[in-house]
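Please build the complex by placing chain B on the supplied structure of chain A, with the hints as guidance.
Number of protein chains: 2
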Amino acid sequence: MYNPKIGDSLNTLDTPSMIVDLDQMEENISKMMSLLLPTGIDIRPHLKTTKSPILAAKLIAAGCKGGCVAKLSEAEVMVDAGIDDIFITCEIVGPPKVARLVALFQRAPLLRVVVDSLDGATAIDSALQSAGLTGLQVLLDVNVGQNRTGVPPLSHTLELARDIARLKNLKIIGIHGYEGHLQHVHSRAERETNCREAMSKLAGTADLLREHGFDIRVVTTGGTGTAEFCATCPGITEVQPGSFIFMDTDYRNALADGQRVGFSNSLTILCTVISHPEPKRVVIDAGLKSLTTDSGYSEPKGLPGVRYQDEGDEHGSLIWTHDGFDLKVGDRVEMIPSHIDPTINLHDVYHAHRKGVIEEIWPVATRGKVQ
Amino acid sequence: MYNPKIGDSLNTLDTPSMIVDLDQMEENISKMMSLLLPTGIDIRPHLKTTKSPILAAKLIAAGCKGGCVAKLSEAEVMVDAGIDDIFITCEIVGPPKVARLVALFQRAPLLRVVVDSLDGATAIDSALQSAGLTGLQVLLDVNVGQNRTGVPPLSHTLELARDIARLKNLKIIGIHGYEGHLQHVHSRAERETNCREAMSKLAGTADLLREHGFDIRVVTTGGTGTAEFCATCPGITEVQPGSFIFMDTDYRNALADGQRVGFSNSLTILCTVISHPEPKRVVIDAGLKSLTTDSGYSEPKGLPGVRYQDEGDEHGSLIWTHDGFDLKVGDRVEMIPSHIDPTINLHDVYHAHRKGVIEEIWPVATRGKVQ
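Protein sequence lines, in the order shown, are assigned to chains A and B.
Counting in this note's numbering, the first sequence tops out at residue 375, every number present.
Counting in this note's numbering, the second sequence tops out at residue 375, every number present.
So that you can see chain A by itself, here it is in the shape it has in the complex (with noise of 0.2 Å):
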């Protein structure tokens, strides 16, 4: 029975394997926070990097203020480990997501939710309504400019706020813009000049709220590529990194520019080398159910001019041009991931080691929950 615990050396570790290394994650961790809890900025981290209650209560120890999720089956299994304080930042729509939203609602008295439409907002109303239930906390979805959800600024998130006023039994507490289309901008003065240009729409559309009596306390965003800007633009009250805790390539890449404070890619797959068909090139057990390839392939770590490819849903390539250099049948390489949180998705288990002694174990408790 394989079952590895807590002291194994991760040598003993079947692969593939999701590690990660507890002194550089802790590392992310505090230089997230010396950046931003200066600043007086509320902390919410997005929990759908780590999908874990663990994870999640670390951050709050650390000095975050509850969690966001992407998905309500996502917040289930927070607020059933103790996370209560959760922000759900997809819209809630349909019949059965909604009955779930009111049975949540009734055992979480603090969620929070967002709405773009009407429509949606009026059937978790009546819903609620049924239900006997009424305050639950809304944001206004605005969309900032990454064109995904979300009513434009402004005039239309006005419009949007005063329908949204008339049910009784929603509670409008402040709105929520994610400028994810910003995240990944290579160029650090770039990314900062749109990150607050989109910063001054989104608290522009809070002041003119205010403005016609809205008593709007969140104004929330950011992710781990624009958090330290939004922290310092005026009206932002709360910020949304996720990623920053692990990191991947895509992200180290984006941020390599002009970055002043370094996070380290403390999250790998373990992997081993099950084939030696080439002189330069050798297979790993890991393919597109280990490693996923939306944004580009993932990177062998410690091994320069060695590249990889998937060769399918269980193999992957790795493939050197230079002399002198060889792997062997047998030899373990950690790959790291190009994109943290699909990836994380694909596995049930994070094994968290220092200096090669794992020390912690923790389930990927919200793997799969897409609903």
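Keep in mind the hints are simulated off the structure, nothing from the lab.
It is possible that part of the hints are untrue.
It does not matter which identical chain is used: a pair holds within one copy or between any two.
Below, a list of computed lysine-lysine pairs in the DSSO-like style, where the Cα atoms sit at most 27 Å apart [unchecked claim]:
1) Lys-284 x Lys-62
2) Lys-332 x Lys-175
3) Lys-172 x Lys-332
4) Lys-284 x Lys-205
5) Lys-305 x Lys-172
6) Lys-172 x Lys-35
Relative to chain A, chain B alone:
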């Protein structure tokens, strides 16, 4: 508590949910069986597609012999569920995995594994020796042109066979040569020609080994795109199709040319429109964590002219340009996966329905089993 049940309507499902049209799935199985069974070939379906012992049992009931899995951890689940005639198609390397193999072989003597190196084979042989076990069935992995794993055909394979024959606890029963590079060749004529060429290498290698005294009983290969050709290639004894049961857009497009029997897309991901931010764009609740993108984008079923693009982990846009069409917040859309195997691996459960009524619920039992 959200808990879908047999007899429920699909309308009661929360989304995203993975759903299977049983009539279409059964027709796909029946068509593949009627194509292959009359040839006398053994059909050992690749269970890395369905990841379900329940579906493995349905395929066996339809005439298949056992199944293939990619990884040892998948085999453990299948054996636990009573599906014990299993061929693991990835090389098994490294002390933790070899230890698991030995443990599994003790309770699953029909197990078959693949080897492509003397080092890999020796490690398995030694572990068997230490455990007092012998007779593990191995197949030599032959590279028939995919250039992934495996040794070259003919003399190289013979050399490996001779090396491995010296190991006391392994029993060579055959050769395995997967022509993965041909599965998606769009021209049927080209696919067939290239397949027959690859198969003649594989069968020729089997003959060479027999000439040198090896008892090669199994010559196994083939996927959904080539199984019908392989089945009539002289010397091939077994085929391994997997995707035909559900199909995907990639296979549908590849097999469109001159298809003898048409397999249909029997599996979809049921989604909900959660936002309508632009006149000709809506957002559904399925992004990278529900629909894979490695083989292109998924397609909305029955909505010609409407295309999908992912908008991050948990959102996707549906976009159209024609007039007179609209979707509204709350509408439901079925998405046809672009690559079936890794898509299924993102979900926990199948909801199998007939004409919209849920008839069976199957766990994706080996979801995430990448070890």
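Here is how each hint holds up against the structure:
1. Lys-284 x Lys-62: Close neither inside one copy (43 Å) nor across copies (43 Å); limit 27 Å.
2. Lys-332 x Lys-175: between (61 Å within a copy, 25 Å between copies)
3. Lys-172 x Lys-332: Classified as between: cross-chain Cα gap 24 Å, same-chain 67 Å, threshold 27 Å.
4. Lys-284 x Lys-205: The answer is between: 24 Å across copies meets 27 Å, while 53 Å in one copy does not.
5. Lys-305 x Lys-172: Close neither inside one copy (55 Å) nor across copies (38 Å); limit 27 Å.
6. Lys-172 x Lys-35: Answer is neither; intra-copy 43 Å and inter-copy 57 Å both fail.
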